[in-house]
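Starting from the structure of chain R, add chains A, Y and Z where the hints point.
There are 4 protein chains.
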Amino acid sequence: MSVTFLSELMSEISQRGRSFLQRNREQPRNPIELCEALVSRRGEVSSFVLSEAVWQSWDRLDRKGQVDFLIEVAQRFGPDENAVLEALAVAQERRDADAYHRLHRATEPRSQELIRRLNMAKQGTLRLVRMREVLTDAIGEHPALAHLDGDFFHLFNSWFNRGFLELRPINWNTPASILEKFIEYEAVHEINGWDDLRSRIEPKDRRLFAFFHPQMGEEPLIFVEVALTSQVPNSIQSLLATDREEIAPEQATTAVFYSISNCQNGLKGISFGNFLIKQVVEQLRNELPNLKNFVTLSPVPGFRRWLDGIRKDEQQTVLAPRDLEALAALDEPDWSAETESVYALNPLLQGVAAHYFLAARDKRNRVIDPVARFHLGNGAKLDNIHTFADLSANGRRNAYGLMVNYRYEMSEIEANHEAYAERGDVVASPSVRSLLKKFQSKTKIAHAS
Amino acid sequence: MSVTFLSELMSEISQRGRSFLQRNREQPRNPIELCEALVSRRGEVSSFVLSEAVWQSWDRLDRKGQVDFLIEVAQRFGPDENAVLEALAVAQERRDADAYHRLHRATEPRSQELIRRLNMAKQGTLRLVRMREVLTDAIGEHPALAHLDGDFFHLFNSWFNRGFLELRPINWNTPASILEKFIEYEAVHEINGWDDLRSRIEPKDRRLFAFFHPQMGEEPLIFVEVALTSQVPNSIQSLLATDREEIAPEQATTAVFYSISNCQNGLKGISFGNFLIKQVVEQLRNELPNLKNFVTLSPVPGFRRWLDGIRKDEQQTVLAPRDLEALAALDEPDWSAETESVYALNPLLQGVAAHYFLAARDKRNRVIDPVARFHLGNGAKLDNIHTFADLSANGRRNAYGLMVNYRYEMSEIEANHEAYAERGDVVASPSVRSLLKKFQSKTKIAHAS
Amino acid sequence: MSVTFLSELMSEISQRGRSFLQRNREQPRNPIELCEALVSRRGEVSSFVLSEAVWQSWDRLDRKGQVDFLIEVAQRFGPDENAVLEALAVAQERRDADAYHRLHRATEPRSQELIRRLNMAKQGTLRLVRMREVLTDAIGEHPALAHLDGDFFHLFNSWFNRGFLELRPINWNTPASILEKFIEYEAVHEINGWDDLRSRIEPKDRRLFAFFHPQMGEEPLIFVEVALTSQVPNSIQSLLATDREEIAPEQATTAVFYSISNCQNGLKGISFGNFLIKQVVEQLRNELPNLKNFVTLSPVPGFRRWLDGIRKDEQQTVLAPRDLEALAALDEPDWSAETESVYALNPLLQGVAAHYFLAARDKRNRVIDPVARFHLGNGAKLDNIHTFADLSANGRRNAYGLMVNYRYEMSEIEANHEAYAERGDVVASPSVRSLLKKFQSKTKIAHAS
Amino acid sequence: MSVTFLSELMSEISQRGRSFLQRNREQPRNPIELCEALVSRRGEVSSFVLSEAVWQSWDRLDRKGQVDFLIEVAQRFGPDENAVLEALAVAQERRDADAYHRLHRATEPRSQELIRRLNMAKQGTLRLVRMREVLTDAIGEHPALAHLDGDFFHLFNSWFNRGFLELRPINWNTPASILEKFIEYEAVHEINGWDDLRSRIEPKDRRLFAFFHPQMGEEPLIFVEVALTSQVPNSIQSLLATDREEIAPEQATTAVFYSISNCQNGLKGISFGNFLIKQVVEQLRNELPNLKNFVTLSPVPGFRRWLDGIRKDEQQTVLAPRDLEALAALDEPDWSAETESVYALNPLLQGVAAHYFLAARDKRNRVIDPVARFHLGNGAKLDNIHTFADLSANGRRNAYGLMVNYRYEMSEIEANHEAYAERGDVVASPSVRSLLKKFQSKTKIAHAS
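Chains as they are written, first to last, in the UniProt record's numbering: chain R, 1 to 449; chain A, 1 to 449; chain Y, 1 to 449; chain Z, 1 to 449.
For reference, chain R alone in the conformation it holds in the complex:
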């Protein structure tokens, strides 16, 4: 027996030695080799260690190195060519569900499995979102990255499925480490430090809601700021005024969504806003049954560029000559809504804006305004047009001060969405449509005369 035992022991030792050598041999591998190992069969059992190793390599790369790495991944982690060819051959012969299924499996790029396994490391999802941030930045210069970006998008779309999102009210009891992110991420109406933040979340008639994801820790995905008011507001400055009078939430009739910001560039294209607004509407309606109006107070980022284009276009038929002249009052660098000639523009601007939303279209025959496309696509309707409603530098530069309300009426959302998505109709309130009618008939008369 001692002989047997000794020989066993020898074999044991040699086995350990092999494993030791292997491990040593592997240490200095570059990230691409690590990725290959990670998607290999061995990766199954060592995914935790290997994925961590990839991430540490990645962290050591500079921006250029990271882009080069992504390009190499895009090139090397496509589908298995042989498997594709075989599946194609089969599909040629018999065009049935089985064949298609096989084709689908065979054409899955290995990069998808790579991304899934990279997700196994600690904070994998957050790291992947950051990785895609680099990727989407680089895609302009390196179009070859498009398919890899598609893989990220496909998986993120599945992982960030609405079923996995968690809506959290944010308030002054929220940890400071989370609050500071809202200061950082607010993209519509800048938050100037802690006192400004406090003025948006501490008063009882102000709310902030954000979506979080269980795997993204304290990183918000998107958030919306809400004001509870006793009437639909017509200016952002009055809404945010620090000396405004606070009202009791129970007395509010209107919830105004005055700012929606996406937080993660790495989640570009994944749509959260639609769900966020509707879930917040539902939550507020439960808490405050007196709320009747759910409206936005939204910027019109494409308005000025479009209007200026028309003003320069000698062929245009949108504006009557007299109106063209009147609009020159807005060319003053510091025009004021108090100036008579500007104030007098009010009906004209409203009419032009109604035209911009309801009649004008871009080259792809779409509604021109991106914010409009977002809300109309969600099933909201265009409810009101407010001139001189955002007199900040930004508001003047983009929209000559114009803002609008979109209204979310739960019982109409489906019909509105269909009207817009299938027939391209912009559903608008009677008053907005009436603005257009008046504007068009006046212009027609002007052109006719």
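Simulated from the structure, these hints should not be mistaken for laboratory data. Keep in mind it's a predicted model, so treat the numbers as computed, not measured. The reader is advised that the hints may include incorrect statements.
Since copy identity is lost for identical chains, a pair holds within one copy or between any two.
To be verified - Restricting the straight-line Cα-Cα distance to at most 27 Å, the calculated cross-link-like pairs of lysine-lysine (BS3-like) are:
#, residue 1, residue 2
1, 438, 64
2, 292, 122
3, 438, 181
4, 181, 204
5, 122, 268
6, 204, 122
7, 437, 64
8, 268, 437
Same frame as chain R, now just chains A, Y and Z:
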């Protein structure tokens, strides 16, 4: 203006009317129609309402109705045929990454999008897991469901990615509503009510760990029960004895994984056990640096069936005739390990078992024992063979009382896994290999003589 | 300088030496000496260490040793005699607020400071409650402990002030380690294991509320079990029946407090029940505005003893001779409410019971029933008398099956309490008072005849 | 029966009527009457409603009205005079434990019961702390409030017993609503807004710990700021420098308590600091076993006033004439430590400071410095004297820039405390004592010469 306003109002009314009719028309739709609506463009904006409607239809169906529904989904929600044919034509012409990518997208069955959208309802993930439970039950009778099951598997594999799993220690401070699930789901060594449960989680030298998923609420996915001991145990009855002496965790040298149970039939095929064991090893090692041995005390569910096969096989060469006779002692309905003729079988049974693990293979040339395949595939090694180690009815019926230890040695896991996965080698301790040598030489001599 | 430094060093060393010796000298002190040190000036700075040392000594004592220790504390930790005499002398001279204040301070027994400092150890409050349990047990044999018990009571009354209590709903999501305490502490209607417990907290029409204290960890102080029903119940067996039909809480009109149990003997005399019931009434009323009736279904623990006393008393005038005879039907060991002669007792028993509550008094001229005293003192009114309402062994033994409802009507509580506390009036519903009238007139006639 | 029923009904109605009238009659009562009702027997059952009513009256009073109310309480809620006289008479006759106990109970002012019952309202404890803030503010003008303040103190001392305090680490994950309180309450080294706060709690080598009380919600009682460093610091400016190099906590050898602030004026006199420091020491020692030194970097608020007193005192013998002259360099309004004549003062200032701590005493024969009294009373020892260590306006004004380290050596605390508390000895390190020796011998020589 009054004319304009009136006409606007009329149009408004008609618009509302249309929406009302649509909604009424839609109400009594069957679940398949609801699914069609859900994956349609309109589904984007109404996914929450529509997915909820599908689920409510589903809940109203009886088992047969549910299976019929799944079969219809499998038939109707394949890929868009036209898109596939177009993509195929392109791929015929140019076999490049673009073409394959397009092919991959085109061949994705619409059922995948359906499942993703069904996930948007409240408790969507849990409901989908329950739906797949019905599906996998029915698949034997209805093989046409296989591809749909593949879609579930594909998405679950992505959603239940290890990065999304949460390891929770379970103890006597855990809510009763969660604890009762472990009584229900324990599949290896039955838990007889609350006192038995308590004896497995309250003592300081006993632990229970489970994986949870953020979208599955209080439903565990898999759990493992651990005993902290001062030596590697050789019998389950002594391990679970209620009168055993408790030891201080700091004095334990050995963590024994004595029961691993999957909880969700609807997650069949998604592998959690591998990660669970390794994460628990890591956690225990951090908490209790004195732990040196991480071993299982595992059943051998295929042993008796295999051995009985050999005993009936007149052509067999595994057992010497004398040994065949000796084994007859186990045919007594109530054989006892105290009986001399049984007790004397000890070396023989150990040798036969070593053969069963190390030498015998099934028709597909695999290790026969499914539990062995699981642990060897995870990179564990076969460490010890214990006869008369589980004398429960179950233990006798399946394995003539045999149990084994698999050992998880973190530094060897990768090498062990490779040896097994790539070369089919079962890594075993010197003592187990020595058992095989002795058994084989004795048998050879016996056959030779 | 070196000389200076050396001499400093010497002094340093001697200082450390002294401290070392002191510490060594102190180690083996007995608990009384430790207590003396703890209330001394030095105790201020070392209270944490010293109080822990007292507790460890206490834990090592057996029950007799603990009682002896308490007796010694009672003897030695009275007020400082000299300070009392001085303060008395001052008070003799001038009877003013200053003098009284000084007297109050001087007469405070040192045991109060001792208890306060013992509270500084880990889990100090819980340990003190357990200590008082020993004390109250021993007080019968050792009346000298009464003042010390008064000190505990005084401090507990302050520490367990309602402002410090936390009301928690208990349900099936509560940790098992807390739930098991309710099985242990239920004193009115025994809970038979986990399934019985579950039937009392999991159904939507059943609630359990308990008071906790921040310093008592998971130990409940008192709890009440509530059934939500559609009518005022008249029998405990039907209320607890496992096959009863569950109702939706929103449909309930009545909250029945069917069991109230104190959990801590060491808190004897500290009154929580009053606050508990009222806070639960308030909480349920907020959650379920449909609730109209808040009633108990209470035992009548003193009824049988009182009635049997009358039955044996040859001088009694409460019962008519004919009624005395009729009551003999209850002397059958297994009398059944179905037996005609028993069933016929119904009106008589109700009348006798009305007399028991409204007319009979004990030697101290109090309402006889302790449960009645509790609820009437809280401002409840006696609402209903139910015969054959608790046919358990307990219910027969104590009350011939009788139970009653007390009703908590928030708008009447203050007046009810005053009527009872100041004039000794038992506020009862018209129907109960009518029972008494009928019983009395019948009896009068019988005695007259 | 109908007669009976009717008469019952009449009585019922009259009863309700009485209760209604009482309630109406009571409504407009002033706070003192409400307090009387609250401590009366009726108060037992209605304490919740009545205490709330007192608080609402209190909230409506202006500051003067509140002080008047407190004065009236002080006058009217003393002990029951008759009970005191009876108890006195008894005590005259027999001077035993019983008599003293009775005397103690009889002399308890009713204001104590009042405070206990006011504590039953929502947020009662916090409101009482705020009430005492008013009281302590007014006590200078109204010495008659002293006894009432003593009642508050007595009860707070019991309620804020160390056993009830909760130590919480505060960091950047703490809710903003709590963090802002630290900005408000920091009393030693002002926190200038959120960025400054962040620099004190977010870096890994900075900590902040606070005591909370379960009944005080988010209001901290006291907090300490700690810096983890690699050596004992000798200047506050270098410690707080924003450009300092952060170190890993594991590498720190020293925990510096550089700021301790009480937060609640209403808890004046209740001592938390002692426990806070010791508990933080214990917690840090557990977490970071490498920590060897636990020292403060403390201000010396009484130093300059004392030194200036001596400089003006023509009879003084502490300073040699030459030293007196040299100190004139500090009379420059903007003296700088870089100026040669100031820099040269270093040894002199250290010597004078050693004298200030070790030799000088105030009229009550106490150590002069209040911060020194606090730390020495806690058992710390004077470890180091640093000149030019706090060059802020505050540091120059109070201490000519001087700061000191007190050292908490757990094994010496008891001995240090006893030395100080019983013999008045200031325990100091050899180096500090050596400074004194040198200073005294030099001065003696100077005076002698």
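Going through the hints against the structure:
no.: 1; hint: 438 with 64; in the structure: neither (57 Å within a copy, 61 Å between copies)
no.: 2; hint: 292 with 122; in the structure: between (45 Å within a copy, 25 Å between copies)
no.: 3; hint: 438 with 181; in the structure: neither (46 Å within a copy, 58 Å between copies)
no.: 4; hint: 181 with 204; in the structure: both (21 Å within a copy, 20 Å between copies)
no.: 5; hint: 122 with 268; in the structure: both (23 Å within a copy, 25 Å between copies)
no.: 6; hint: 204 with 122; in the structure: between (38 Å within a copy, 21 Å between copies)
no.: 7; hint: 437 with 64; in the structure: neither (55 Å within a copy, 58 Å between copies)
no.: 8; hint: 268 with 437; in the structure: neither (38 Å within a copy, 62 Å between copies)
The structure is inconsistent with the numbered hints 1, 3, 7, 8, although it conforms to all the rest.
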